[in-house]
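Novice: Please construct the entire structure, taking both the sequences and the accompanying hints into account.
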Amino acid sequence: MSISVDEVKKVAGLARLGIPEERLDEYSTKLNSILGMMEQLSAIDTKGVEPLSNPLDSVQRLREDVVTETNQRDKYQTIAPEVEEGLYLVPKVIE
Amino acid sequence: MSHPHSQITSLTQLSLKDLSDGLQAGRFSVMEITDAWLARIEKFNPLLNSFITVLADGARTQAQQIDNQIRKGELTHTLAGVPYALKDLFCTDGVLTSCGSKMLHNFVAPYDAHVTTKLKQAGAVLLGKNNMDEFAMGSSNENSAYGVVRNPWNTEYVPGGSSGGGAAAVAARLAPFVLGTDTGGSIRQPASFCGITGIKPTYGRVSRFGMIAFASSLDQAGPMAVSAEDCAIALNVIAGFDERDSTSAQEPVGDYTASLNNSIEGLKIGLPKQFFAAGLDPDVATVIERGVKEFEALGAIIKEIDLPNSHMAVPVYYIIAPAEASSNLSRFDGVRFGHRCDNPKDLRDLYERSRWEGFGEEVKRRIMVGTYALSAGYYDAYYLKAQQVRRLIKQDFVEAFKQVDVIMGPAAPTTAFKIGEKVDDQVAMYLADLYTIPTSLAGLPGMSFPIGFDEHQLPVGMQLIGNYFQEARMLNIAHRYQQTTDWHLRVPAKFA
Amino acid sequence: MEWETVIGLEVHTQLSTHSKIFSGSSTNFGAEPNTQASLVDLGMPGSLPVLNKRAVELAIRFGLAINAKIAPKSVFARKNYFYPDLPKGYQISQLDLPVVAQGHLDIELDNSETKRIGITRAHLEEDAGKSLHEDFHGQSGIDLNRAGTPLLEIVSEPDMRSAKEAVAYLKKLHTLVRYLGISDGNMQEGSFRCDANVSVRKKGEPFGTRAEIKNLNSFRFIEKAINHEVERQITLIESGKKVVQETRLYDPDKDETRSMRGKEDANDYRYFPDPDLLPVDITSADIERALAELPELPEAKKQRFIRELGLSANDVESLTASREVADYFEAVQQQLGDAKLAANWVTGGLSALLNRQGVEIAQSKVAANTLGELLKRIKDGTISASAAKDVLDALWNEEGSVDQIIEQKGLKQVNDTGAIEAMIDQILEANPSQVAEFRAGKDKLMAFFVGQAMRASKGKFNPATVNEILKQKLEG
Chain A
1 MSISVDEVKK VAGLARLGIP EERLDEYSTK LNSILGMMEQ LSAIDTKGVE PLSNPLDSVQ
61 RLREDVVTET NQRDKYQTIA PEVEEGLYLV PKVIE
Chain B
1 MSHPHSQITS LTQLSLKDLS DGLQAGRFSV MEITDAWLAR IEKFNPLLNS FITVLADGAR
61 TQAQQIDNQI RKGELTHTLA GVPYALKDLF CTDGVLTSCG SKMLHNFVAP YDAHVTTKLK
121 QAGAVLLGKN NMDEFAMGSS NENSAYGVVR NPWNTEYVPG GSSGGGAAAV AARLAPFVLG
181 TDTGGSIRQP ASFCGITGIK PTYGRVSRFG MIAFASSLDQ AGPMAVSAED CAIALNVIAG
241 FDERDSTSAQ EPVGDYTASL NNSIEGLKIG LPKQFFAAGL DPDVATVIER GVKEFEALGA
301 IIKEIDLPNS HMAVPVYYII APAEASSNLS RFDGVRFGHR CDNPKDLRDL YERSRWEGFG
361 EEVKRRIMVG TYALSAGYYD AYYLKAQQVR RLIKQDFVEA FKQVDVIMGP AAPTTAFKIG
421 EKVDDQVAMY LADLYTIPTS LAGLPGMSFP IGFDEHQLPV GMQLIGNYFQ EARMLNIAHR
481 YQQTTDWHLR VPAKFA
Chain C
1 MEWETVIGLE VHTQLSTHSK IFSGSSTNFG AEPNTQASLV DLGMPGSLPV LNKRAVELAI
61 RFGLAINAKI APKSVFARKN YFYPDLPKGY QISQLDLPVV AQGHLDIELD NSETKRIGIT
121 RAHLEEDAGK SLHEDFHGQS GIDLNRAGTP LLEIVSEPDM RSAKEAVAYL KKLHTLVRYL
181 GISDGNMQEG SFRCDANVSV RKKGEPFGTR AEIKNLNSFR FIEKAINHEV ERQITLIESG
241 KKVVQETRLY DPDKDETRSM RGKEDANDYR YFPDPDLLPV DITSADIERA LAELPELPEA
301 KKQRFIRELG LSANDVESLT ASREVADYFE AVQQQLGDAK LAANWVTGGL SALLNRQGVE
361 IAQSKVAANT LGELLKRIKD GTISASAAKD VLDALWNEEG SVDQIIEQKG LKQVNDTGAI
421 EAMIDQILEA NPSQVAEFRA GKDKLMAFFV GQAMRASKGK FNPATVNEIL KQKLEG
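If you read the protein sequences in the order shown, they are chains A, B and C. For the first sequence, my numbering begins at 1 and goes up steadily by one. For the second sequence, my numbering begins at 1 and goes up steadily by one. For the third sequence, my numbering begins at 1 and goes up steadily by one.
It is worth saying that the hints were derived from the structure and are not from the lab. Here the structure is a predicted model, which is why all the values come from computation and not from measurement. We treat Cβ as the ideally placed atom computed from N, Cα and C, and that holds for glycine. Do not take every clue at face value.
Unchecked claim - Here are the simulated distance ranges between beta carbons:
| id | chain 1 | residue 1 | chain 2 | residue 2 | range |
| --- | --- | --- | --- | --- | --- |
| 1 | B | Q13 | C | P72 | 52 to 60 angstroms |
| 2 | C | N186 | B | N68 | 51 to 59 angstroms |
| 3 | A | E50 | C | W3 | 40 to 48 angstroms |
| 4 | B | G94 | A | M37 | 36 to 44 angstroms |
Claimed, not checked - With the C-beta cut set under 8 angstroms, the calculated list includes, among others, these residues of chain B facing chain C:
| id | residue |
| --- | --- |
| 5 | V95 |
| 6 | L96 |
| 7 | A113 |
| 8 | R208 |
| 9 | M211 |
| 10 | I212 |
| 11 | S217 |
| 12 | G240 |
| 13 | F241 |
| 14 | R244 |
| 15 | D245 |
| 16 | R331 |
| 17 | V335 |
| 18 | D349 |
| 19 | S375 |
| 20 | A376 |
Unchecked claim - Computed cross-link-like contacts, EDC-like style, restricted to lysine to aspartate or glutamate with a CA-CA straight-line distance of at most 20 angstroms:
| id | chain 1 | residue 1 | chain 2 | residue 2 |
| --- | --- | --- | --- | --- |
| 21 | B | K422 | A | E26 |
| 22 | A | K47 | B | D380 |
| 23 | B | K418 | B | D281 |
| 24 | C | K53 | A | E64 |
| 25 | A | K92 | B | D281 |
| 26 | B | K394 | A | D45 |
| 27 | B | K494 | B | D18 |
| 28 | C | K172 | C | D106 |
| 29 | C | K73 | A | E50 |
Specialist: Structure representation (structure tokens):
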């Protein structure tokens, strides 16, 4: 498999990375060399092998339904780029 | 010890254990120690760039408080008053936590990571935050927005990565111990390159709460220090269950120092034949083989083992880790924290420009690889396949541990390489983690400790892999070795 | 050829938990912006999710109520997309192994037949925050208080064939989640939201291309929006155009749906198992515990009311419309020991009063035990039914207790047969022609005599006694 410039554009769109037009070729080349390394995997027979998502194969612990958090808005918003009236501001959201 | 400079030198020559013992015995104050280490950082860090932030004032304030508490008998912890540094991805309340990234150049964390809290409670003194590969992605510490870190053994060489800043700091004796993180080898490989001792515990042994994520199913924090004994003391404080991390292990934690002197007579050590095959630098192989013989002389039994799928570990890792990272790093969008581009023209522009400007090249490449591997039409061939092979790799270890107690081999295929040597060849760079990645994928504990030097006088690290939650046994084995050798005590000439 | 509508519904219902699904923040509605947003809810670097036990229990309870399969192992997955109200850049949801799969709900059609609607799955997920579009210098404001609120997304099979059926299913589901106590179902606050997948086809043909309509938050809108969408699709096809698979937003002001922009990533969410969370084990013990907590369901309640209380099918329909009404009725019934009388008043007098006041039974100012006391006074003949209506109004206005009000207003019935007989004798004497007509067979005149007696007593005579005495005197 090899990744074309168009695909690089599409993937960059999904990842919201604004790769400049003139660098798309370079990205395509680099990604292809990395993806080339992955090709070896197809040689391994994995029929019937259950995927491993977590190395310990353990199960989820559940939290009691109790409110433990208090209002920390001022502290958390001191590091925000732009806030007003307690809200985080972003360019207009169009639906 | 009348001259202040000689005292500074001597205080900074002490190991974590000696510092702890001296503080308990009242031989020196926390302030004296803190000043001594800060002075050393001031003197030597410019040569290495191993710190992003030095907390001179904060450390002194903390030292004064702890001195008072010790005097009043309120604080008796082994680590009370012992200085240390944190990799700059552990959140520290009120202190910049940059992750080595421009994206977080202004991220003053609003809370403490679990390990930060634990060390604070123990009374350890935070000297500063260590440089690192951006978002822990790298094997050379060349991917930092704060500049490359230099290897104290030869400053033309890399210290390894991603915990390169911490490893260099310990090797140059700028901190008695540091905490690093290891996702595919980021504690063990720099420990090997810098000639220090570092342990990556079993996945889930140390809480990930407050540790900025790279790849959630692999990330694990651990101590780096001069000796296995010092690592054991530090691990005692940070290991253990934390209800804020769903993947935190509930397994009880013992005292890792209690069994340090146990006998290793009859210990069965497995050597994976795949770790000694093509790709291993012959010079490194020679040192490792000599080390193995030394263990044999200490009474261990050596056995060759087979990890038939371990050669697939690098491709598996470079699918899974970027896939998880691509999602973990989506939160850096310029809205609630971190870098935001100037004058975004719309929402999409805010995202695309903030992320393009904030992330470095390697991080962007991995986000691209990970996004691609998870995208429609490729998920099964890449991500799912990698998760399946990951199970096979784990199974290999499960089988191996039926025959041997621990596994040994090189921590890295080479010693440290020159700065700039591999920056343009990602695949070559990725192979620096050839021997550490299989352990990470299986979630097993692994450590590296110094076992000698190559022809260029660069350190070689021995990797020791234990079964799940066998950290105490591993530290015991390395400690016994360090009782009979002095590789770990050597200090690079420039920093002696 | 006739067009057939095909509808499948996705309902997001907010689960009634105190804290969020993955954090210890409060889920209370209406707080100041971002005051209920913790490190986890803000997606702060290094923060990690821990699953709320109650959310899982409530999902299991729902599964049991719709006769579904409960997954012994359930997995959370990340749904990746960028949106300002989604702080982590992914929503934690479920894909391959939802908690609940393959259940069903029976709905009643207009012709009083029942139809079974399949429920493909119900899965747990976190809610997003809110974008506020008031103008902040041309920008939007983001409030993340709602981010991380637990949702159960209930996905039906495309089994509905009209907007009416869709509404019937939704109403039934709405009643059910409130019955089960898993959600308050408050549609204004967004606790019960619906997206509809709508397509049309010629009967017998395969499914057509569907459009998804979002933002359906009242039963009335849902019906209108679906009908509008069906017409739009038929018009498109009949004019030779094609329906495009897309997301459309319903605008209730204009009564139309329009295509949503900015959802171009919609088909590539890059789902993968969330590595911060482990698989959830649901054991048979968990299921038994959920069964023990499972309240009586509407259907079972209806049958019991008919069987044990001797009520008619008609009575029980409205008595079981909500769990609050049913509980209220049962409380009155138990105090009174007369199911029919209790039923008549809960669905009659009380219901009319609530309607006039514009409140739900839960907000009734007359408690069930107070109504029970009042009805006891009808039963023991102290007051008449019509007087009881006045007492009920007075109770609502907090004028006193049942007996105080009866006393104050002088509403006690006269049961003294001697006094009634005397009055009836006077009436008969004063109306000889009517007496003659009645005796000649004009039965209807009974009402006239009763009316005269009641008027003369200002409504205080016990009408039953009046009837009885009149019968004796006229027929005897």
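Novice: If a hint holds in the structure, say so; if it doesn't, say that too.
Specialist: Here is what the structure says about each hint:
A C-beta distance of roughly 59 angstroms is found between B:Q13 and C:P72, which places it inside the suggested range of 52 to 60 angstroms. At roughly 55 angstroms, the beta carbons of C:N186 and B:N68 sit within the given window of 51 to 59 angstroms. Distance hint for A:E50 and C:W3: a CB-CB separation of about 46 angstroms, consistent with the stated range 40 to 48 angstroms. For the pair B:G94 and A:M37, the beta carbons lie near 42 angstroms from each other, so the given range of 36 to 44 angstroms is met.
A cut of 8 angstroms between beta carbons decides the hint on B:V95: the least distance to chain C is about 13 angstroms, and the hint is violated. This hint is violated: B:L96 has a C-beta 12 angstroms from the nearest C-beta of chain C, more than the 8 angstroms allowed. Annotation: B:A113 was flagged as interfacial toward chain C, and the flag holds, the nearest CB pair being 6 angstroms apart, inside 8 angstroms. A hinted interface residue such as B:R208 counts as satisfied when its beta carbon comes closer than 8 angstroms to some beta carbon of chain C; here the least separation is about 6 angstroms, so the hint holds.
For B:M211, the interface hint holds, the least distance from its beta-carbon to any beta-carbon of chain C being 6 angstroms, beneath 8 angstroms. Look at B:I212: its Cβ gets to within about 4 angstroms of chain C, closer than 8 angstroms, so that hint holds up. Restraint check, B:S217 versus chain C: the minimum CB separation of about 4 angstroms is within 8 angstroms; hint holds. Checking B:G240 against chain C by beta carbon gives a least distance of about 16 angstroms; that is not within 8 angstroms, so the hint is violated.
Among the interface hints, the one on B:F241 is violated; its C-beta lies about 12 angstroms from the nearest C-beta in chain C, farther than the 8 angstroms criterion. The beta carbon of B:R244 is positioned within 8 angstroms of a beta carbon in chain C (closest approach about 6 angstroms), and the interface hint is therefore held. With a least beta-carbon distance of about 5 angstroms to chain C, the hint placing B:D245 at the interface is held under the 8 angstroms criterion. A least Cβ separation of about 4 angstroms between B:R331 and chain C falls short of the 8 angstroms threshold, and the interface hint therefore holds.
Hint status for B:V335 relative to chain C: holds, with the closest Cβ pair at about 6 angstroms, below 8 angstroms. Residue-level restraint check for B:D349 is violated (minimum Cβ-Cβ distance to chain C is 12 angstroms; threshold 8 angstroms). The interface hint given for B:S375 is met, as the beta carbon of that residue sits about 6 angstroms from the closest beta carbon of chain C, less than 8 angstroms. Of the supplied interface hints, the one on B:A376 holds, with its beta-carbon coming within about 5 angstroms of a beta-carbon of chain C, less than 8 angstroms.
For the hint linking B:K422 to A:E26, the alpha-carbon distance of about 17 angstroms falls within 20 angstroms, and the restraint holds. The straight-line distance between the Cα atoms of A:K47 and B:D380 is roughly 12 angstroms, inside the 20 angstroms bound, and the hint therefore holds. Pair hint B:K418 plus B:D281 holds up; C-alpha atoms about 15 angstroms apart against a cutoff of 20 angstroms. Annotation: proposed proximity of C:K53 to A:E64 holds, straight-line Cα distance about 6 angstroms (limit 20 angstroms).
Taking the CA atoms of A:K92 and B:D281, the gap is near 57 angstroms; set against the 20 angstroms cutoff, the hint is violated. For the hint pairing B:K394 with A:D45, the CA-to-CA distance comes to about 15 angstroms; that is within 20 angstroms, so the pair holds. Restraint check for B:K494 and B:D18: not satisfied, since their Cα atoms lie roughly 23 angstroms apart, outside the 20 angstroms limit. Of the supplied pair hints, the one linking C:K172 and C:D106 holds, its CA atoms being roughly 8 angstroms apart against a limit of 20 angstroms.
At roughly 14 angstroms between alpha-carbon atoms, C:K73 and A:E50 fall within 20 angstroms of each other, so this suggested pair holds.
Hint compliance for this structure: hints 5, 6, 12, 13, 18, 25 and 27 are broken, all remaining hints hold.
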